[in-house]
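In order, the protein sequences belong to chains A and B. For the first sequence, our numbering gives the first residue as 1, with consecutive numbering after it. For the second sequence, our numbering gives the first residue as 1, with consecutive numbering after it.
If you are wondering where the hints come from, they were derived from the structure by calculation, not from laboratory data. Check the hints yourself; a few may be wrong.
As the list claims (entries may be wrong) - Pulled a few chain B residues facing chain A out of the computed Cβ check, cut under 8 Å:
id, residue
1, HIS3
2, GLN5
3, SER10
4, ALA35
5, ALA120
6, PRO121
7, GLU124
Said to hold, decoys possible - To be clear about the criterion: a stretch of chain B counts as covered by chain A if any three or more of its residues have a C-beta under 8 Å from a C-beta of chain A, and this derived list gives those stretches:
id, stretch
8, 12–25
9, 211–225
These figures come from a predicted structure and were not determined experimentally. We put the beta carbon where it would ideally sit given N, CA and C, even for glycine.
One letter stands for each residue in the lines below.
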Amino acid sequence: MHRWLEAVREAVPVSFHSVGLSLGDPDGVDLAELDRLAALCERYEPALVSDHLSWSSLSGEHFPDLLPLPMTRASLDHFAAQVAIVQERLGRAMLVENPSRMIAFAGDEYSEEQFLSELVRRTGCGLILDVNNVIVQSINLGIDAVAYLDAIDGAAVGEVHVAGHAIEEHGKERLAIDDHGSPVSEECWALLERLLARIGPRPVLVERDNALPAFAELAAEAARADAICERSLAHAA
Amino acid sequence: MPHEQQHAMSELIAKGPAAYRDGLFAAPRAAALRALRAHANTISHARYKALEDSFPLTRQAMGGEAFHALAERYLRNDAPRARPLRLIGADFAERIDDPAIADLADAEWAMLEAYGAAEAPAIEMQSIAGQSPEQLVAARVALHPAARLVALRRPEVFAWEGMPATGEPWLLVTRPASEQRVAQVSDAVARAVRAARNGCVMGELFELDAPAVTLLVQTGALRPLVEGV
Chain A
1 MHRWLEAVRE AVPVSFHSVG LSLGDPDGVD LAELDRLAAL CERYEPALVS
51 DHLSWSSLSG EHFPDLLPLP MTRASLDHFA AQVAIVQERL GRAMLVENPS
101 RMIAFAGDEY SEEQFLSELV RRTGCGLILD VNNVIVQSIN LGIDAVAYLD
151 AIDGAAVGEV HVAGHAIEEH GKERLAIDDH GSPVSEECWA LLERLLARIG
201 PRPVLVERDN ALPAFAELAA EAARADAICE RSLAHAA
Chain B
1 MPHEQQHAMS ELIAKGPAAY RDGLFAAPRA AALRALRAHA NTISHARYKA
51 LEDSFPLTRQ AMGGEAFHAL AERYLRNDAP RARPLRLIGA DFAERIDDPA
101 IADLADAEWA MLEAYGAAEA PAIEMQSIAG QSPEQLVAAR VALHPAARLV
151 ALRRPEVFAW EGMPATGEPW LLVTRPASEQ RVAQVSDAVA RAVRAARNGC
201 VMGELFELDA PAVTLLVQTG ALRPLVEGV
């Protein structure tokens, strides 16, 4: 495993995208996992390190999923404290990714974009902005995807993700699932163009790890993302 | 309290609609239950897939249906659910009734552990070729971090592709570099492996069994404790 990673790291900068810290666990971040991540970071010096605005463990049980957090002051206090622990251990700022929520808790005190903005202000962390996750939430929670993206401070965004999603039809209602198994949607490409025109180019990850198509299709999606980045550079100039 | 909301959500994921309570989510009941079912499916599928990916040969030997039934029973226990996915199958072999298939599962798990173990230089034949006997005997060594020793339940029937079947009671899995090696080994080799776990001088291993030391070096099961050995 390390041989492959070393070869990649020698060729290009790498971005470590963790799914294992469980920053939203009420008992606190998984410190053993954090030690392993720190050791990896010391060895490979990645350009970016990130995890998610979510929780994946509770009372000692692991849930291999990224579960939604309540958007409350108490939740923000706890989450910010965990991000601070991670950043202290890694000796650098991390990025936190917006989730693809299928459900929201009652009694939320912040919108998600407010929650993320406050998290950035308190901890100095950056953000991964997953455009598809915003679309998924616009379907599941009825948020305005354009307004969400426009509300995010571009200076905080260190990386952008794009992907497709699956849709379950339930009569008149729909459930969008961030399955990483579909082509990037046209809506997602349009929102990426709009976002990068505003904030300038960023590293863009095309997420596809299920139902992989022919390599040429993946390469075409990557090329399309590159072209959007180049156009955003022209805007910035 | 936000933590209570998370506990209530985890209970719903585990128990389904019977645990639903009004006022927890912003969405109507039906929409909330759809989302929770999607999370529950993601979690159970990921756990099962992790087991399948960890034990492809075991699954093949058991048959898909029997493997699935055993996996379902196994995943109802607290211990595997308390582990991250990469460790979820740590004691799966112990739940397999057929001792020969349990050996296969132990071997697959040892291969996974060896694959994910820390990198370290191994002592190989060419690296000790120029050593005098005195230097060799005094060389400090330890077990290579990727080396794993498995006690076989049915050594007489154990088979692994590309490995000569010897009927010996132990399986030694090593990964001195990128390539994994598997060898069915004797009690003497197993004793030497255990002796090397906490570090020793090569002379102590020779006193146990000289041919065993040769095999440990041939398989890349030892690492130097001092540079240049």
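Evaluation of the provided hints:
| no. | hint | in the structure |
| --- | --- | --- |
| 1 | HIS3 | holds (4 Å) |
| 2 | GLN5 | holds (5 Å) |
| 3 | SER10 | holds (5 Å) |
| 4 | ALA35 | holds (4 Å) |
| 5 | ALA120 | violated (11 Å) |
| 6 | PRO121 | violated (13 Å) |
| 7 | GLU124 | violated (17 Å) |
| 8 | 12–25 | holds (count 4) |
| 9 | 211–225 | violated (count 0) |
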